[in-house]
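Asker: Chain by chain, the residues:
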Amino acid sequence: MRNLLKITNLSASCEGKKIISGINLTVKKGQTVVLMGPNGSGKTSLLKTILGVGNFKIITGEIYFNNKKINNLSITERVRLGIALMFQKPPKITGVSLLSLLKLLNHDEDKVNKQIKNFQAEKLTGRDLNSNFSGGELKRSELLQLSLQKARLYLLDEPDSGVDLENIKLIGKQINELMKDKQRSAIIITHSGQILDYVKVDKACRMVNGQLKDVN
Amino acid sequence: MLIDLSDGDKTKMRSVGMNFKPEKMGGSLFIQNKDPIFHMMNNSRIEILDMKTALNKYHGLKKYYWQLIDPKQDEYTEQVFKDFHQGYFIRVKSRQKVTVPVQACLFIAQEKLSQNIHNIIICEEGSELNIVTGCLSADYVQEALHVGITEMYVKKGAKLTFAMIHHWGEKIKVRPRTVTRVEKNGTFLSNYICIKPVADLQMSPNCYLNGEGSIARYNSFLYSYPNSAIDVGTKVFLEGKKARAEVVAKGICSGGEITVRGYMKGAAPGVKSHLDCKGLIIARGGRMRAIPELDAFMPDLDMTHEAAIGKISQEQLEYLEARGLSEKESLSLITKGFLDISSMNLPFGLDRQLFDYLEAL
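Order-wise, the sequence lines are chains A and B.
Position one of the first sequence corresponds to residue 15 (my numbering), numbered consecutively onward.
Position one of the second sequence corresponds to residue 2 (my numbering), numbered consecutively onward.
Isolated chain B (complex conformation) (with noise of 0.2 Å):
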């Protein structure tokens, strides 16, 4: 129950966006390890199940259990086939519209664990869903691996808009696999962000821009420390006639290592598409990589990209700093004015949170 949970471990689960009024959400699923320890439902229009639970009742969901994802893709990706531990399931039912977010949280918080976790996420023709993800790892966990399968299916005209925190621990590793496919007119919108210290995490989600008119925005903000390496690349192919998509990543290096990769696919008659890479070297040591690649099989088609690493300017610093802010807040409001969070209207002020985080860097 959440009534077990520690201040601290509370503290850390607001952190990626918990609400724990979890009455006012759209319903709520908590991971701990391998077990689910809170569970709400709240609106008859959405069904949010652990994945075991949705497995069980809906006879292995054979149209959409390990449909997108190849089980053989990867070393971890055949680990979480191999030994399933537990995920969550949600569904919103055809034609609703549930703006209210649900919520679920992907807690570790135990030590050398390996968290394999499998999700699905179904919106079903015309309806529209907002989530978001938290996950994390206790501080008193020092060592922890999550893997996290997660395939999401946006049906013909509908809306899913997600958004994934990660607050993980210098040690642990993380290897989130996700695949998206989104059928005809249906939107997909993801904002992934991940600015607490992470040992070594590697991720590209992909997107199957399968109907006609179908939309993807993807909006990345990673911060990097000594010693972490994060590598994160979205990848779109855009299969359906006009379709479109957008990717942002944006990248801050404290130290350690960030690649930022995008790769674009056009496939189909006049898709449209911009993949957008932005780096920010703060301090020394640390490396940043920013690959973005255009893979055009039409003639009739718009694909484009931008890529840009550079620096804090000194003229930038100075200026605030002839307005009385210390060189600290300078950084500091500079750094969110680069992350640009706002833009990703996030819900419960969470942006807010986010901007308290960078200000406290």
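Chain A with its partners taken away, still in its complex shape (with noise of 0.2 Å):
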């Protein structure tokens, strides 16, 4: 299988201080790649600077995306180029409806619509995004955002954090709906591991003070 995802080396800082160090990482198309760890140890800060969100800045090292050299592309080109971030934090913006968004997202109303019914997001659409959401809210709209744009490789940073039961199963089973052909490409954060009763993953790897160790 081609790498869709290949990281060589990759240390970066924030605010002059070293966040993650020599990080070597594949993901293949068609992978699901989890990533474990405890809190602090660099798992967000790996996502955002592969999309390039947040103030890291990259020391040494390559990040490719479909054989392409992506270190110093914008967000807006990466995210084009077929990447994708579930945020954890998600920032409130006031006025501005998830279905506005959702419009934008995707021309398609029917696709819209019926993502928004798969989702049982509903009563959510006419909030103001993100504001008034309860954790299984969050995440839902979330994942229903990156339902709508058209990404190869999907950045899932803890899926199932704060949220219940229900929500977990419905967040599950449209993970494996996004990945159901094949094609795609995941790398999901979970601290309890409660979305791998859900989820079927190819490979794990386990983050440390900024290290990766133990890929399996």
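I should point out that these hints are in silico values taken from the structure, not numbers from a laboratory.
All residues carry an ideal CB built from backbone N, CA and C; glycine is no exception.
Just so you know, not all the hints are guaranteed correct.
[What the hints assert, rightly or not] Only pairs whose alpha carbons sit at most 25 Å apart, straight line, appear in this in silico PhoX-like list of lysine-lysine: (1) A:Lys183 with A:Lys20; (2) A:Lys196 with A:Lys128; (3) B:Lys83 with B:Lys73; (4) B:Lys185 with A:Lys71; (5) A:Lys125 with A:Lys71; (6) A:Lys82 with A:Lys106; (7) B:Lys243 with B:Lys160; (8) B:Lys242 with B:Lys197; (9) B:Lys185 with B:Lys83; (10) B:Lys337 with A:Lys103; (11) A:Lys137 with B:Lys337; (12) B:Lys197 with B:Lys35; (13) B:Lys58 with B:Lys98; (14) A:Lys196 with A:Lys42; (15) B:Lys98 with A:Lys117; (16) A:Lys187 with A:Lys227; (17) A:Lys103 with B:Lys58; (18) B:Lys98 with B:Lys160; (19) B:Lys25 with B:Lys11; (20) A:Lys187 with A:Lys128; (21) A:Lys183 with A:Lys125; (22) B:Lys53 with B:Lys63; (23) A:Lys71 with A:Lys20; (24) A:Lys106 with B:Lys329; (25) B:Lys312 with A:Lys71; (26) B:Lys63 with A:Lys117; (27) A:Lys103 with B:Lys312; (28) A:Lys32 with A:Lys43; (29) B:Lys113 with B:Lys174; (30) A:Lys106 with B:Lys337; (31) A:Lys164 with B:Lys329; (32) A:Lys20 with A:Lys128; (33) A:Lys214 with A:Lys164; (34) B:Lys312 with A:Lys106.
[Stated by the list, open to error] Here chain A is said to cover these stretches of chain B; the calculated rule only asks that three of the stretch's residues, wherever they fall, bring their Cβ under 8 Å from a Cβ of chain A: (35) 290-302; (36) 310-324.
From these two lone chains plus the hints, build me the complex, please.
Answerer: Encoded structure:
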């Protein structure tokens, strides 16, 4: 299988402090990789560095997506190549409804409506983005947005944290739905591992102190 | 006549909410420079006249003309008093509820003109009226001054919804002077939008909630550019028992200066009011000030204010970019959300037009 994402010797810092160090990771087309590790070990930082979000500065190393080096591309350019990030703590945006954003992500109204139904998000669409959403609602909203992006690599940051069992089931089902055609890949961060009851993974990694260990 | 207007002028007029199918409106009056160029009354329940005709017909409108505003309150007001050009007179008859909006356009098409306008709006008892006023200058006018005196009377149980949209040029100076008096159980809703460049705009509409249970709500949306100075305030005098007022002013500063002022005087039992000034600075080199003031004279009232000025958060921008929107698209969506124009319930998809403007900024 072809490498979709290839990271070599990646180190990055945030505000002068080294956050991740010497990361080597490949994700093949159709592969789902799970990333575990303690709080503050650098998991979220790694996903954000891949997409170029946040104040992370690459010190060494390269990120290749579909054989193209993306270190210096803007967030939007990386997204347009096919990378999508599910935020762990998405910001509130006042006056912008979830529905208005969904319509910008995908112009096919039927598809948007279908996905809203699939994610049982009918009651969320009129609300301001990420305002007064419960834990489960936030995750559903994030994943719903991702499902309308035309991505090839999903970076899912703790899709199961702060979510009740009912929602985990739905989220697990929808992640499988995203991955079903085996053409897309994902990196999933999980603390509890609950999501693994629903999603099949091909590879597991552990991050400790900014370094990747135990790649299986 | 409207037919004589150039396509450019018409396009700009549309941008301030003017409708070129006047038969679909409650009525229309267009004033170019000092003269009316189009007048249509479609509804016997409303009277729309140019101000000179109205003054003649009603023998000087003594009960209304210069009754709410002191002609000597400042040099601009005095200028209109001494050299009055034109204006609109709009009156809805008692107990008549007209939901189809009436439109009035004040248009400057002459270089270096000082347009001295005086308007009067009367909502008779129990009536309802919706007015859209578009004030603008032609693109070919570089320098001009617009002074607009407006006296509005909302009588017992009447409701007036008033939208004013400005679209001036970079060297145009604007001095509106507006006062509204609201009687018992009357409601006044004002929406003001100025999101296109203007050199110098200063206004501070006053509203006297004289009647028991009278209500006023103001929304102002302002956008400043480099070299523009915008100073917009709203003063509400809550003088009737249980009168209520809400003033919301939102400004986006991409340069130049915006000052948003608010003053509320609570002078009757049981009054309730809230003042909200919110600002967003999106570029260096600009200045934004929010100056709310509450002035209470009664023990049993409830008056609050809120003022906040901030910048666009990097986190919000990156979040939208992570969804594939460009930086410009993300910025536009956040500023649109901040202004939240859809909350104004503007007529004829005017909110849609305003969205388009914001997108083009």
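Asker: List in ascending order the numbers of the hints, as given earlier, that are violated by the structure.
Answerer: Per hint list: 1, 4, 5, 6, 8, 9, 15, 16, 17, 26, 28, 32, 35 violated.
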